[in-house]
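Student: Each chain is listed here by its residues.
There are 4 protein chains.
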Amino acid sequence: MTAPATTPATAPATPSEPSPTAHLVLTLSCPDRPGIVHAVTGALARRGGNITESSQFGDEETGLFFMRVTVLTRVPRSELEADLAELASTYSMRWELGEVDRPLRTLIMVSKDAHCLTDLLFRARSQGLPIDVVGVVGNHEDLRPVAEFYGVPFRCIPVTKETKAEAEAELLGLVDELGVELVVLARYMQILSESLCERLRGNVINIHHSFLPSFKGAKPYHQAHARGVKLIGATAHYVTADLDEGPIIEQDVTRASHADSPVALQRKGQDVERRVLAQAVKWHAEHRVLLNGNRTVVFP
Amino acid sequence: MTAPATTPATAPATPSEPSPTAHLVLTLSCPDRPGIVHAVTGALARRGGNITESSQFGDEETGLFFMRVTVLTRVPRSELEADLAELASTYSMRWELGEVDRPLRTLIMVSKDAHCLTDLLFRARSQGLPIDVVGVVGNHEDLRPVAEFYGVPFRCIPVTKETKAEAEAELLGLVDELGVELVVLARYMQILSESLCERLRGNVINIHHSFLPSFKGAKPYHQAHARGVKLIGATAHYVTADLDEGPIIEQDVTRASHADSPVALQRKGQDVERRVLAQAVKWHAEHRVLLNGNRTVVFP
Amino acid sequence: MTAPATTPATAPATPSEPSPTAHLVLTLSCPDRPGIVHAVTGALARRGGNITESSQFGDEETGLFFMRVTVLTRVPRSELEADLAELASTYSMRWELGEVDRPLRTLIMVSKDAHCLTDLLFRARSQGLPIDVVGVVGNHEDLRPVAEFYGVPFRCIPVTKETKAEAEAELLGLVDELGVELVVLARYMQILSESLCERLRGNVINIHHSFLPSFKGAKPYHQAHARGVKLIGATAHYVTADLDEGPIIEQDVTRASHADSPVALQRKGQDVERRVLAQAVKWHAEHRVLLNGNRTVVFP
Amino acid sequence: MTAPATTPATAPATPSEPSPTAHLVLTLSCPDRPGIVHAVTGALARRGGNITESSQFGDEETGLFFMRVTVLTRVPRSELEADLAELASTYSMRWELGEVDRPLRTLIMVSKDAHCLTDLLFRARSQGLPIDVVGVVGNHEDLRPVAEFYGVPFRCIPVTKETKAEAEAELLGLVDELGVELVVLARYMQILSESLCERLRGNVINIHHSFLPSFKGAKPYHQAHARGVKLIGATAHYVTADLDEGPIIEQDVTRASHADSPVALQRKGQDVERRVLAQAVKWHAEHRVLLNGNRTVVFP
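Protein chains in written order, with the UniProt record's numbering: chain A, 1 to 300; chain B, 1 to 300; chain C, 1 to 300; chain D, 1 to 300.
No wet-lab data here; the hints were simulated from the structure. Keep in mind that the hints are not guaranteed to be accurate.
A pair holds if it fits inside one copy or across any two, identical chains being indistinguishable in the list.
Stated by the list, open to error - As a list, the in silico SDA-like pairs of lysine to any residue whose alpha-carbon atoms are at most 25 Å apart:
1) 268 to 59
2) 112 to 150
3) 219 to 268
4) 164 to 64
5) 112 to 159
6) 219 to 245
7) 112 to 149
8) 164 to 98
9) 112 to 220
10) 112 to 160
11) 216 to 245
12) 216 to 254
13) 112 to 148
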């Protein structure tokens, strides 16, 4: 995205005067080898950083190492970034440096179903969900009042087969203009183009229903009803060009019974969807989700 | 099976002397229409039966009606059966009459994994699971000691492509000889032939792993690991000729994380498997599961 | 309450012309004895009623019998009521006759926390929660905008020690005036007087946090944090004069860890609270909850 | 205990020849301050140790820091211990060094209920629960066959008010003789003396039922039934002199309904008990549980 989380929004304080204390969150991954944690914590310690939370994971299968560490520091961010860049080069690291208390600039995309949007906006306002919802985009007008009740600008961008390219261009323009860092597909019933998926890779979260066994195609709740499933689930995942197959962030289920009609199943499903999506967005916004190929490492 | 649950094992008491009180469970299904509950409860009431538990369900979609009722009665069973047979003819009912406190004669089939067998035998002995395990059949010798510790005869019936027909004939012989009413596939890693499935229809319960999304083919836990699933599940279902697609009785899941190796996932899966299988067997043995086409109605 | 659920809001159709089909829900309890189900279903069948759902439960301990039955009927309601009154006298029944598709007239009471109110209003509008929220009463002004966004009148009735009697009188006036059938205390941080509890008995639902073990007194989430609990729960119950000890309708929990601050625990708690309260209100509004002394029978 | 986890069972390899690779697990806690992780990982890195898993937690409230790290190393254990001892003195650390693949020598204590014992023995044999059950002690003879089936010596130590001191002395003798590192009270219905609790502090795990709300005194499941609870739970905790109030390791619940008799509730409770106890024992045996005053830090 245009305003990556790793770029300071304002110019760093000049070195001559001490910076105020910042609470930063560093996430990184690299090929595993001895000494990484020591090197990283050394870079932080030399700058007087105090680690407040830290998790690591070494994937034996892929040989990759993952780390998330939060640190209180008074050192100017630019100096820390220089140190990390050096480390990154030594260890072939991919890394990001975010701020613990800065909510992610988030764009929510919707169609007509209100359950996920309502829940995200409520949690952002009252329940400490660390996102700053800078806009809601709908391909229909239905949810404008919900966005506006929460004081969030709503933009309607209708999509047809003919206007899809144009609509996506408008969307990308908005992403740039608003400095969007995270896009949440909150039951946005449109498929993003491959190029858009690629462009926003790792920064778009989607939610969809899930069952055991799973069903492809239309009317999934009718299929689930016909099959007599006893559990209704939902999966939140990063969007990739491979529809509904991106890296899974979170999943959950709720119980169903023979007495549930397809509509009742759908309502139970929507309940799980909003809960799972909110959890996934929270973890992502707290920089707790790291990509590991087509999987995720989540440090909850 | 040879000894259906609806047949009294001993001759009924002669009408001249009052029968002892019996606690019976009646399950039935038929096309829905006004008056069924009244007619059924009337048949029971006229015989002085006292209803202790009762559930009904009308499936709007299929137009079928389902009922389970438990009743305390002193009337000879044969008379009750005569009344019910008449009702059944009027309402085109399928029905079964079981005894609340009589454990089902159960045969458990296994291969090498002990988790489901151990759990079922323990629950049958100590936790009130209402089954009488009359035998354990394994296609390997591995679990003989487990069966014998619980005082249950173990029979090893190896199966190869060449001997499959013969092995199934031996199995059916055992089912007849032991008066088996329920067969539980407790991680029995063999596929039953179509004819055997048909022969034992509605009386064979299987357990298998389940994921969201689901995976076909070999090494499912490795596939689940590769996909990074956050839930591991299991499904208990009646066996039909359509492998792993029979009517679902019960499902459940447990949480997984990126830190779980394929082996760890498998162990978590086994934990869910034994829990889900025990629940399904309990409900079946308590006559709480009714077939509704390819689905079940469960009155828990 | 002034407008009991069993009273038809409009005059019954005259017997000379057939009534339109109504979908009614009958709930009843009485001392258990043979023949009750037969008698009740007979009363319904004689009037051409078709049972769509039905559940019964006999409590062996108290000797009480509970029944819920939904029925499609064209018979005038007054005639059905006459029949039921006769039955009730024979069997010493307590009974209520409601309408399946008529949402309960509901008053929600709040203080400052928005999570339960927001959730109930959303579910009533979009998720089929069968309540008609006719008013929101707050002892503070904070949640007026939420109510008004959903088009529900908000009344602020402040409460102090001195004005408590007066405030409750105003509340009761509102209950009468609006024909309120259900009062939901959605984190209303005031204790109702004994007389008010008595007056509205069985029609007021409250939600409160729950832990294992439980904690009395102020700052419960700080206590739970200090004790290091691994689960955070909530209980929805009918309000009685015995504070927080009324009949339990529903309970649930969510996981917590050492990393959760008291604030994080509270947010998790609020998540469970709104889910449990919504479930309890749904079951109550669908006439699925019957009182059994200080317990409930819930037919889900 | 007599054979602390930090003492190598065999003499360390002489420095002149390289040790075989060991997989060690280090747990530590100390007052929080900058540089701890760097110092600890430095000590490991200097010895060529490769970190395979690592978690940290800083408790803002108590100002304490907790760390668990697993490391592959070829350095002789004694040298690593010398380094750690030095670090520990600098940072006022409490620390323990265990082996990842060495099962804990465990003594299980029982009375008459088999569910927890059966489950632990099964999981130790077949499900990778990393404990080596070196003995089972019962105050009754009932469970001797279960222990012996799993090839574990059973010792009956009856306890009466008069013989309690003597019985505990025998128990302690056994703990010393067998080199016991962990004692699990698997429904052992006796209260340990204060001095015994103190002597084995942090190495005894107990399981007990839990409800929302909680109940004190006898027949808890009858009380839970009378109160109409909708959840049945269990808590695993370290034993302290303050009965049932030691640091909580794990909790879980299962659903109950009005239809559950006290016996049914108890069976559901036993199901949760064995699951929660097994989870707590697993985490403890994997050195994932650290004491934080009267709470625990669990790195799952």
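Student: Run every hint past the structure and note whether it holds.
Tutor: Each hint tested on the structure:
Proximity of residue 268 and residue 59 under a CA criterion of 25 Å is satisfied inter-copy only: 19 Å between copies versus 35 Å inside one chain copy. With identical chains, the CA atoms of residue 112 and residue 150 are at most 25 Å apart both within one copy (17 Å) and between copies (17 Å). Only within a single protomer do residue 219 and residue 268 lie at most 25 Å apart by alpha-carbon distance; the minimum there is 15 Å, versus 32 Å between protomers. In the homo-oligomer, the alpha carbons of residue 164 and residue 64 never lie at most 25 Å apart, since the shortest distance is 38 Å inside one protomer and 47 Å across protomers.
In the homo-oligomer, the alpha carbons of residue 112 and residue 159 lie at most 25 Å apart inside one protomer (13 Å), although the nearest pairing across protomers, at 41 Å, exceeds that limit. Within a single copy, residue 219 and residue 245 get their C-alpha atoms as close as 19 Å, and across copies as close as 20 Å, so both meet the 25 Å cut-off. Taking the shortest alpha-carbon separations for residue 112 and residue 149, both the intra-copy value of 16 Å and the inter-copy value of 18 Å come in at or below 25 Å. For a Cα distance limit of 25 Å, the shortest separation of residue 164 from residue 98 qualifies neither inside one copy, at 33 Å, nor across copies, at 50 Å.
In the homo-oligomer, the alpha carbons of residue 112 and residue 220 lie at most 25 Å apart inside one protomer (18 Å), although the nearest pairing across protomers, at 37 Å, exceeds that limit. When the C-alpha separation of residue 112 and residue 160 is checked against a cutoff of 25 Å, the pair qualifies only within one copy, where the shortest distance is 16 Å, while the shortest distance between copies is 44 Å. For a Cα distance limit of 25 Å, the shortest separation of residue 216 from residue 245 qualifies both inside one copy, at 12 Å, and across copies, at 16 Å. With identical chains, the CA atoms of residue 216 and residue 254 are at most 25 Å apart both within one copy (20 Å) and between copies (24 Å).
In this assembly of identical chains, residue 112 and residue 148 lie within 25 Å of each other by CA distance both inside one copy and across copies; the values are 15 Å within and 22 Å between.
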